[in-house]
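> Chains as they are written, first to last, in our numbering: chain F, 239 to 537; chain S, 114 to 239; chain C, 11 to 227.
There could be a bad hint or two in this list.
[As the list claims (entries may be wrong)] Taking beta-carbon pairs under 8 Å as the criterion, some of the chain C residues facing chain S (in silico):
| hint | residue |
| --- | --- |
| 1 | ILE34 |
| 2 | ALA41 |
| 3 | THR49 |
| 4 | TYR226 |
| 5 | GLU227 |
FYI, nobody ran anything at the bench for these hints, they're computed from the structure. Glycine is no exception: its CB is placed at the ideal position from the N, C-alpha and C atoms.
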Amino acid sequence: MFQQIFDAINIGIVILDKDMKVHGWNRWMEVHSGIAEHEIKGSSFFNTFPHLNNPKFVRSCKSVFSFGNFCFFSQKLHHHLFPFKTTSYADFRFEFMQQSCAMGPLRDENNEIKYLFIYVQDVTEVAAYEQKLLEINMRDGLTGIYNRRFLESKLSEEFNRHQRYGGVFSLVMLDIDFFKKVNDTHGHQCGDFILKAVSSRVASIIRNVDYLARYGGEEFCCLLPETGIPAALTVAERFRAAIEQQETNYDGEIIKVTISLGVSEFRKGIESAEMMVKKADEALYRAKREGRNKVVVMD
Amino acid sequence: MIKKLLIVDDSPIARKMLKSCLPKDQGFEFYEACDGKDGVEKYLSIRPDITFMDLTMPVMTGYEAIEEIMKHDKNALIIVVTADVQMKAITTVLDLGAYMVLRKPLKKEDLLAAIMKAQDTLQKVQ
Amino acid sequence: MMEIHENQILTSEEGEILQEIMNIAFGKSAADLADVIDTHVVLSIPFIKIMQVTELPMYIREHVKDYKKISIVEQNFWGRFKGDALLVFSSGSGKELIAMLQHGPGEISSFESDPIDILERETLMEVGNILIGACVGKLAELLKDVVTYTPPMVVVERYYTDALSERQFDVDKTAIVLKTDFSFTEGNVSGFLFLVTNNDSIKWLKEALRIFIEQYE
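With the hints as constraints, model all of the structure from the sequences given.
Here you go:
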């Protein structure tokens with residue numbers, strides 16, 4: 239009677255014997271794989287799913303049979319064990335159903351392990367929701383580029399990695415000159431328009447691997463991995479020139495702004511991620527003092 | 114006939130377990146040693162028919178004890194009783210001259226079969 | 011190898027039986043591990059110590075202080091024998107293990123941007139899960155128990171003081187600590203395994219030890 243649960247439950251269940259032949263395949267697996275139990279039962283599991291014949295999966299099976307432990311395949315690391323189509327049409331984020339899977343032992347009445355089971359849970363919706371939240375959480379609402387929190391976490395990650403493995407990376411801090419004047423003369427809506435125009439222009443210049451974030455009001459920060467001062471200086475100079483040449487049309491009026499920039503680099507003596515920001519900030523303020531529309535490198 | 118049995122193991126429980134696996138009506142005489150060094154000394158003074166030897170022991174390991182005993186008596190019948198069942202351990206002790214290897218936890222049948230086999234070997238030697 | 015104080019939670023005979031069972035269990039684990047992960051694993055004779063749970067962080071710290079940084083894999087297990095398994099790896103173990111197990115880059119994909127860190131985490135988790143499963147599983151098997159496990163949690167490459175101060179142990183009065191150190195012959199990986207069980211398990215353990223030795227009386 240309880241056998242019915244096997245097919246009623248909203249979870250995929252696969253049972254394999256010690257020769258890796260399929261012994262059980264529940265209704266859920268039939269529905270999502272399009273393979274009926276009678277078609278797959280008794281056949282070698284790896285014939286149908288050759289991609290799982292990899293060292294990690296095989297080790298996991300051996301370990302379940304020898305020790306009776308459980309092995310886990312999280313969605314975060316594996317995305318899925320079985321390449322099934324997603325059932326939700328609303329979300330095109332994932333090509334395949336996102337799965338959280340685990341395997342464990344099945345014992346006979348003498349406690350001897352005869353089979354292993356794999357259960358498959360569809361976590362696509364949760365994963366999509368989680369990813370959406372993550373994205374909202376790392377973007378600036380106005381400009382759509384990364385926000386300060388995200389940049390700071392990337393920066394500390396990058397910093398820790400460079401402390402461990404060496405190498406170089408740079409930060410460019412930039413600030414719109416006389417932004418208060420824009421706001422006062424043309425209104426805050428125009429100010430927001432300028433912020434968007436500047437950020438999208440700078441974003442169009444950076445490489446795929448760089449991170450551009452809105453750091454504060456009219457201040458932006460760009461993290462350049464694997465880039466030393468000379469190259470970072472060139473990049474910053476390109477930002478400056480691009481904004482200097484840019485003409486923004488707001489309500490029929492042409493508005494031009496300039497930016498000041500400070501550049502810092504990871505090197506010996508810089509003991510924290512915060513110190514890198516501080517060095518770039520100091521350079522930025524020197525650029526302001528020395529007349530604006532200018533790039534200054536940390537000393 | 115097999116009469117004198119020497120059990121070399123640092124764990125009194127392990128020695129007790131081994132003894133309990135042997136039949137009570139065969140008139141075996143048991144001798145015990147608590148490490149490899151003690152084992153070698155007892156071997157030389159008692160000259161047992163069979164020596165059961167653990168491998169991981171303080172003062173002198175089972176490996177060293179086997180080597181030492183074989184130096185004095187190349188016909189010594191040493192049955193290694195160990196929890197280390199990796200192939201490397203097994204081949205090493207056989208190379209040193211151990212007669213055979215039994216795995217812990219001991220099974221009565223295995224132990225009896227081992228003694229019977231040792232009995233045959235002993236008769237052939239004599 | 012046995013050290014018992016704290017008002018004799020186990021009698022000296024029970025302690026000796028437990029030690030012998032541990033020797034057997036770990037011997038079998040090492041052999042089977044060699045088969046599962048294809049490399050020879052050396053497991054030391056387990057050391058058993060009974061202590062107050064409050065002493066535990068200090069005790070573990072004392073054993074890992076030679077490691078500047080450590081990674082920890084932690085897993086709860088429960089059957090009638092239940093507790094917490096802590097596997098402490100020395101610094102750099104994750105990377106050595108990646109090389110040893112030859113994880114192909116195609117086996118793992120992730121949202122996160124740093125594949126090496128993810129791979130390291132995953133590898134520590136996998137090896138930890140197998141090592142803990144082997145040791146706890148064999149021990150339970152000899153005592154005729156069946157245990158299940160929670161998914162492993164992992165802390166990667168932290169200073170040992172930070173990593174351990176975050177641990178919170180059940181303040182349930184007593185802990186049986188079973189400590190073994192392990193090393194892989196291929197590769198520079200070593201560490202300690204601590205099994206921490208509490209009062210609940212002791213009653214069952216005493217009974218299981220009695221049943222085990224009865225076979226030999």
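> Which numbered hints are broken by the structure, listed smallest first?
Hint 3 alone not satisfied by this model.
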